[in-house]
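Number of protein chains: 6
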Amino acid sequence: MNDRDCHPRRFAGWDEGTFLPHEVFAGLEPPYSDLQQARTVILPVPYDSTSEWRSGSRRGPQAIIDASQYLELYDLELDREIYKVGISTLPQVEPLLSSPQDMIDRVCKVVKSLIQKEKLVVLLGGEHSLSLGAVRAFKDMFPELSVLQLDAHADLRDEYLGTKYGQACIMRRIFELCPISQVGVRSLSWKEKQFLTQRKLRPFYMSDLTSGTASLDQIVDSLSEDVYVTIDVDVLDPSIMPAVGTPEPHGMSWRQILDIMESVTLRKHVVGFDLMEFCPGEGPGSCAYLLAKLAYKLVGYTMPQERR
Amino acid sequence: MNDRDCHPRRFAGWDEGTFLPHEVFAGLEPPYSDLQQARTVILPVPYDSTSEWRSGSRRGPQAIIDASQYLELYDLELDREIYKVGISTLPQVEPLLSSPQDMIDRVCKVVKSLIQKEKLVVLLGGEHSLSLGAVRAFKDMFPELSVLQLDAHADLRDEYLGTKYGQACIMRRIFELCPISQVGVRSLSWKEKQFLTQRKLRPFYMSDLTSGTASLDQIVDSLSEDVYVTIDVDVLDPSIMPAVGTPEPHGMSWRQILDIMESVTLRKHVVGFDLMEFCPGEGPGSCAYLLAKLAYKLVGYTMPQERR
Amino acid sequence: MNDRDCHPRRFAGWDEGTFLPHEVFAGLEPPYSDLQQARTVILPVPYDSTSEWRSGSRRGPQAIIDASQYLELYDLELDREIYKVGISTLPQVEPLLSSPQDMIDRVCKVVKSLIQKEKLVVLLGGEHSLSLGAVRAFKDMFPELSVLQLDAHADLRDEYLGTKYGQACIMRRIFELCPISQVGVRSLSWKEKQFLTQRKLRPFYMSDLTSGTASLDQIVDSLSEDVYVTIDVDVLDPSIMPAVGTPEPHGMSWRQILDIMESVTLRKHVVGFDLMEFCPGEGPGSCAYLLAKLAYKLVGYTMPQERR
Amino acid sequence: MNDRDCHPRRFAGWDEGTFLPHEVFAGLEPPYSDLQQARTVILPVPYDSTSEWRSGSRRGPQAIIDASQYLELYDLELDREIYKVGISTLPQVEPLLSSPQDMIDRVCKVVKSLIQKEKLVVLLGGEHSLSLGAVRAFKDMFPELSVLQLDAHADLRDEYLGTKYGQACIMRRIFELCPISQVGVRSLSWKEKQFLTQRKLRPFYMSDLTSGTASLDQIVDSLSEDVYVTIDVDVLDPSIMPAVGTPEPHGMSWRQILDIMESVTLRKHVVGFDLMEFCPGEGPGSCAYLLAKLAYKLVGYTMPQERR
Amino acid sequence: MNDRDCHPRRFAGWDEGTFLPHEVFAGLEPPYSDLQQARTVILPVPYDSTSEWRSGSRRGPQAIIDASQYLELYDLELDREIYKVGISTLPQVEPLLSSPQDMIDRVCKVVKSLIQKEKLVVLLGGEHSLSLGAVRAFKDMFPELSVLQLDAHADLRDEYLGTKYGQACIMRRIFELCPISQVGVRSLSWKEKQFLTQRKLRPFYMSDLTSGTASLDQIVDSLSEDVYVTIDVDVLDPSIMPAVGTPEPHGMSWRQILDIMESVTLRKHVVGFDLMEFCPGEGPGSCAYLLAKLAYKLVGYTMPQERR
Amino acid sequence: MNDRDCHPRRFAGWDEGTFLPHEVFAGLEPPYSDLQQARTVILPVPYDSTSEWRSGSRRGPQAIIDASQYLELYDLELDREIYKVGISTLPQVEPLLSSPQDMIDRVCKVVKSLIQKEKLVVLLGGEHSLSLGAVRAFKDMFPELSVLQLDAHADLRDEYLGTKYGQACIMRRIFELCPISQVGVRSLSWKEKQFLTQRKLRPFYMSDLTSGTASLDQIVDSLSEDVYVTIDVDVLDPSIMPAVGTPEPHGMSWRQILDIMESVTLRKHVVGFDLMEFCPGEGPGSCAYLLAKLAYKLVGYTMPQERR
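Protein chains in written order, with the numbering used here: chain L, 1 to 308; chain X, 1 to 308; chain D, 1 to 308; chain R, 1 to 308; chain P, 1 to 308; chain S, 1 to 308.
Mixed in with the good hints, there may be bad ones.
A pair holds if it fits inside one copy or across any two, identical chains being indistinguishable in the list.
Cut-off 27 Å, straight-line C-alpha distance, at most; resulting in silico cross-link-like pairs (BS3-like, lysine-lysine) [stated by the list, open to error]: (1) 164 <-> 117; (2) 191 <-> 164; (3) 193 <-> 84; (4) 191 <-> 84; (5) 164 <-> 109; (6) 109 <-> 193; (7) 200 <-> 268; (8) 191 <-> 117; (9) 139 <-> 268; (10) 109 <-> 191; (11) 84 <-> 112; (12) 117 <-> 193; (13) 164 <-> 268; (14) 139 <-> 164.
These are computed hints drawn from the structure, not numbers from a lab.
Put together the whole structure using the sequences plus the hints.
In structure tokens form, the structure reads like this:
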């Protein structure tokens, strides 16, 4: 639970502690939640039109924000109060159902405006295809952008269920824009395997991480200076993250994903990141809390210094 | 449970009763389930890309077919074994995720081919927008077609969440093709109300049915000879059908919907019907069974005589 | 909730109100829960080996007893405290899994011993086949016994899934022992229909009750003086009792089942009754509470006078 | 779903329709959701420390507000857009866990300040004991206040589980302040019955409503001019409202509660009302939507004229 | 999700990609799913009459087959498309409820016929007692058969709940037929311990695997040339497989079970295997997917070469 | 499942094996379950009035006792039948809802009387604040008592939500009574961190255990001779214990908690222990079984020798 003693909740002239915070990430209050001053922006996008099996990632952002109300604002590992960098929560982006491309465009437009405001963007999905919108926006600003993808699947199909912009194809589209580095992959189609071979791409497979074949340094070295990180939460092990569409066994532990992200943020410039494909109805409530804590810690890793 | 004694299940030369029926509506077996011979075809379409709140109607068709395995094949009310008209179950239509229109086109194409085979089409959704595909197909064959819509909502918006082909707009699109008669409506937007007034349309509101203002005869009289019936299952009362996206209180009872359908099928030529917007995860399993029984009885009402 | 003020809970010399009652029906305490003195005995049998579709009636008795802790002990309709007749709760009967017949024999043996103690037996199932054990026991003592069956299904198959003692056949077996009167039936197999016709049996169909064709008097008149009542809880409407294996639409309301039972208990000698086929996992918790209240009220109807 | 076309959502200079509304009742936006201008205030209080059996009413307010996002803003029955009276949503009141009295005091204090602002207060619980806080506040302003209680239980115990301020005792406490009129009661303890007899009180029992013994006029006549309405949502039938702690069978229908409230609001001055004891986890999602619609309609009944 | 591009789904003359695959393991299509040509046969047996606590393993086979639709057909570890060996899915075997022995006999009969067709049998349970049927069938053909049991429990009781053929006794029955090797056991009764001591049997306890006392080689060496593998899925750790009747802490990881099976299949002739006691309702959907992937990989391990 | 052969269940003169055991921990029977003779007492306290987010720990004790019916009475690791020390189960302590302090006092009083009877007390919560009652009782008898707290959180706030006796403050209150040693902590508020620093306290953080910084010996050495162990079950990893209010990632494994408890019980005098904050509704049923097994094993560790 939160230690709100030092950041009292006030509402409409009331005594401290009469009202609970509005639904803002981590229950933050002005000035920390203020869009103008906050260095970080949470962007929730409840859209899941192209998911195949178990739908429900549209409810992911709300579930993460709900759970974040119960985060401790102080982080024991980093020994600081991360929220002091300012974390503002935008309202949920309204779905645009005409076609996946249209929705991707909407996300791109919103992210661009946030980049212009020099915010660290934290996109909460929603389905993975939305990441393309974010990458497009960042690519414009950072021409040397590379994308770090933490994911159980390669998502490199060329087309799937009649669209080139569904979740199964989205890294193929992103790869057409900029270099990608895939970590944690443990499930591939035959055609994806062929595509990887053809393009001389090699993911850091989950088995490489387990066997020690792949080191943190290798992962970091595979990236350019400016990095966008897209996390399909199914990269995590189903024991701690069953709430996804296709929960592949033998995934990352909590410690593994933190170690990777810590290394990357230390040595690279992370311009934004996302947490995608969380289907809260498919697992226990602990999943939402884990992702809220993950998002909060990643903000801490990415923004090491507090300006205020 | 089924009385399978008289229609033994055989598989691969095995004794009767060794294997359970495949996943075919009501567990039927050849010749009754045979596409060539069956007069009725169940067409399951697991698609729900434009639903707004609670998704999950993509799982509706499977849940109804699962539950139908436990139907009694003999109908007590009609005093006959309805399945003898032949009811074939097609595999689920694959979603096409490029845009709602593309998916509607796919449904239209499949339904057309079934019309040419002179089948009674029973479409199991999936979201309501798919009904447009069916209506387009029937309109081609039956130029005087009218559509009877049993629904808690009017679905007459012009556009919603960026598309003119989402579930909230679908009766507006259908109305552009042919006359519609709306029954059971109990929730409207202001703009829909204005549209109805402007076009001099008046639904048979749920309150009209309850108060006796609207009679079964009036409903039937509002239709042309050839009728397609589209049922958004939220027309039913939430006490028996909570498993929908927007469960409006004060809906139809089991007996009310049967009475309406019996009257319509007695006096009109029903060319096909659908059951849409069933979200099995949002209510108890009794909902799927109720819809399986409803579909089965409607086939019985629509096909009064058995040819074989 | 209970008004325990007047029947204080004491345990091991503790003050009133320190401990909650053990898991005894309605949380009763001695002397009311005492087997020797109680006129009524609750017999929970958590067995469901022959159920076909949705299992879970094994958990029915526990769920009803759990919910009964929250019953008001005073009954507003009868204007008395029913428990004063004494209601003792036996431990759950251990399943015997060698065959359905063996389990039926065990139930028969237990019920016989309770009859000898002159108890009103209230059997909580578990699957419907267990009722045969109870009927056999009562038939021995009351040679003119008839059985009133409240059920959505006839359960008159001769054999099903390789056994003559499964839930689908159990009324056929009971009918071989004594006359039966079926009320609330709304689903039949073709063979069951033929059997009824052949034997000149006619259930009081649910549609007879709704249309007024069948009166309460007719139901009561169809019974002999000594009556065992077996209630498959799927006789109730799925709106209030979805938690059953095969929830047939258009069932009995709360008031209907009470009216029937009130009429029968007023004019006949009810020797025992059961509540069977409750699958608590298939519906909301309200179902267990409803059945606890039903069981309690039926005890009140059956035992109009308090002796203590 | 909402017809937001005419009340566009704008956020931070964005085009209409880019962002979804914040979590405000019915998704309203300024000026309609503005505390200063709104004539109605939604006050959510997520507190349930004294509930006995199934906890979870602390999650009731959030669930109702979530569901309200999908309400149509136009009301078909009243033929108007109710929200135009202005409905502001306060943040959730923070629980105070030192004792039930302390929390009741907090609610009293908040309600008083809203009365001074001349708002219609709509309290969303949380447990029933909170209503005492509201009644105390209104009693100060309206000395002739009477309380209309719609409830399956009398809640007239003097003490329960060691407190005089728990949900089981709350109407006893309220009755010590002002006259009460109880409607829909169908479960009582023996001591409550004695108390009623002693004080010459007689609830309008649910059976009186069903049998026609109690008329709407009698209910209205039993009230003073200024009325606070407290609704324990278990007054509704478990078929439409299983999501309560103690779901007593044979409760009110949707139409019955609306008829009572329409009569009362037409002839009396309703100063505020509440919806209490909703446990969203105990039933399907349809329950939250029903209560959101009920709250919205009651605002419409209570505030017949729009000033703006 | 599947990469179906190279194995197009065709139905009734339709274009590729119009219909989804029928409910066949992994959504395979002819010729790969063809019973004649397939070298592997999936045999689903939805029976659970003797399970004690939490029932529901009857729903296990269907859940695994449902989940298998979303498997990638290409296996990253084995670098091949396993399905090319041919995997045919039989319809579910109908339960026989007269007694556990009768059902075991039915399974035996079906398995025998599959052995004669030289198929690799993959039995999906259903309760563990069914394995006896399979072992009997294989023992006839392979007189030197040994059985490798992966299980959290020894299942060596002589009788339980009145039957010698329930799940708790089944390895005792199998041990009467042929040698067994038990791996992963971590819960025993006192009598089972005595039985093991008496017979000089020693399971490879889970603690032996963790501590390194037991090596893969020792496990393999304990087996004869022809091996039937029976897997009670509760051998897996509850963190990844909570969906079992008695989920003992400290079980096998995904990697551990794969390593054991890989070793065994490399050095021995595995004639068939089963996955038993999966209760899908007791855990998240990730469990079904894990078991589908496990079954698929075990087919790959067992059938290293593709003939087509 | 249990091996009840050697401890036959008898009831009211019936043959062994006719009735299932009453709801007593592990289904024990006299003399082992007898309060007089048992050396251990299970004390279930279903109270959760001050929990903040997800309520439901009131249902924890019942769920653990339910699950314990399926424990093997023989413990493989300890190679003995632990229950022979005698384990008696008290009825659930009735909640006292006037204030948290009053309830803590009630627990204190009950525990004191058990200490006087020289029982090992095993408190099953319910919320963590109840531990204060137990500690107060033990402190009286053992003036040098220290408290070992296994917990993901420090629970060292001074006040929270208006009370000094809520779950978030309870270790602060206990620390005012006697020394505490905290193990497994991985989430702190800023003020708690300051308090720890100020008081020169240092928890054995979870990261210390993982990195090997903290040894078992150090943990044991930090304690006095007489130790009360309070276990907030959220100390366990969410992969095996998601059923808690605030499930912090990266917690203890099954083996880790056993190793700590084994070391402590070997070298110290453990006077009692508790398992708190288990919310059964928030995770799969495997959680209740794990805790039942944990409680049983801890009794075994704490009571190494059997006297009978």
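Legend entry - Copy assignment of residue 139 with residue 164, given that the CA separation must stay at most 27 Å: Within. Shortest intra-copy distance 20 Å satisfies the 27 Å Cα cut-off; inter-copy 32 Å does not.
Inset, instruction - Please work out whether the CA atoms of residue 139 and residue 268 approach to 27 Å or closer within one copy, between two copies, in both situations, or in neither? - result: within (16 Å within a copy, 55 Å between copies)
Inset, instruction - With 27 Å as the alpha-carbon cut-off, assign the pair residue 109 and residue 193 to within, between, both or neither. - result: Result: close neither inside a copy nor across copies, 33 Å intra and 34 Å inter.
Inset, instruction - Could you figure out if residue 164 and residue 109 sit no more than 27 Å apart (CA to CA) within one copy, between two copies, both or neither? - result: both (20 Å within a copy, 22 Å between copies)
Inset, instruction - Give the relationship of residue 191 and residue 117 under a CA distance limit of 27 Å: within one copy only, between copies only, both, or neither. - result: neither (41 Å within a copy, 33 Å between copies)
Legend entry - Within, between, both or neither, where residue 200 and residue 268 count as close if Cα-Cα is 27 Å or less: Cα proximity of residue 200 and residue 268: one copy only (24 Å, versus 38 Å across).
Inset, instruction - Please work out whether the CA atoms of residue 109 and residue 191 approach to 27 Å or closer within one copy, between two copies, in both situations, or in neither? - result: For residue 109 and residue 191, neither the intra-copy (32 Å) nor the inter-copy (29 Å) Cα distance is at most 27 Å.
Inset, instruction - At 27 Å max between alpha carbons, let me know whether residue 191 reaches residue 84 within a copy, between copies, both or neither. - result: between (47 Å within a copy, 15 Å between copies)
Inset, instruction - Since the copies are identical, ignore which copy is meant and state whether residue 117 and residue 193 lie within 27 Å (CA to CA) inside a copy, between copies, both or neither. - result: neither (40 Å within a copy, 35 Å between copies)
Legend entry - 27 Å Cα threshold - placement of residue 164 relative to residue 191: Within one copy only: 15 Å inside a chain, 36 Å across chains, cut-off 27 Å.
Inset, instruction - Pop the pair residue 84 and residue 112 into one bin, within, between, both or neither, using alpha-carbon distances up to 27 Å. - result: within (24 Å within a copy, 36 Å between copies)
Inset, instruction - Measure nothing new, just compare the shortest in-copy and cross-copy C-alpha distances for residue 164 and residue 268 to 27 Å and report within, between, both or neither. - result: This pair counts as neither: shortest intra-copy Cα distance 31 Å, inter-copy 44 Å.
In summary, the structure is inconsistent with hints 1, 6, 8, 10, 12 and 13 from the numbered list given earlier, while agreeing with the others.
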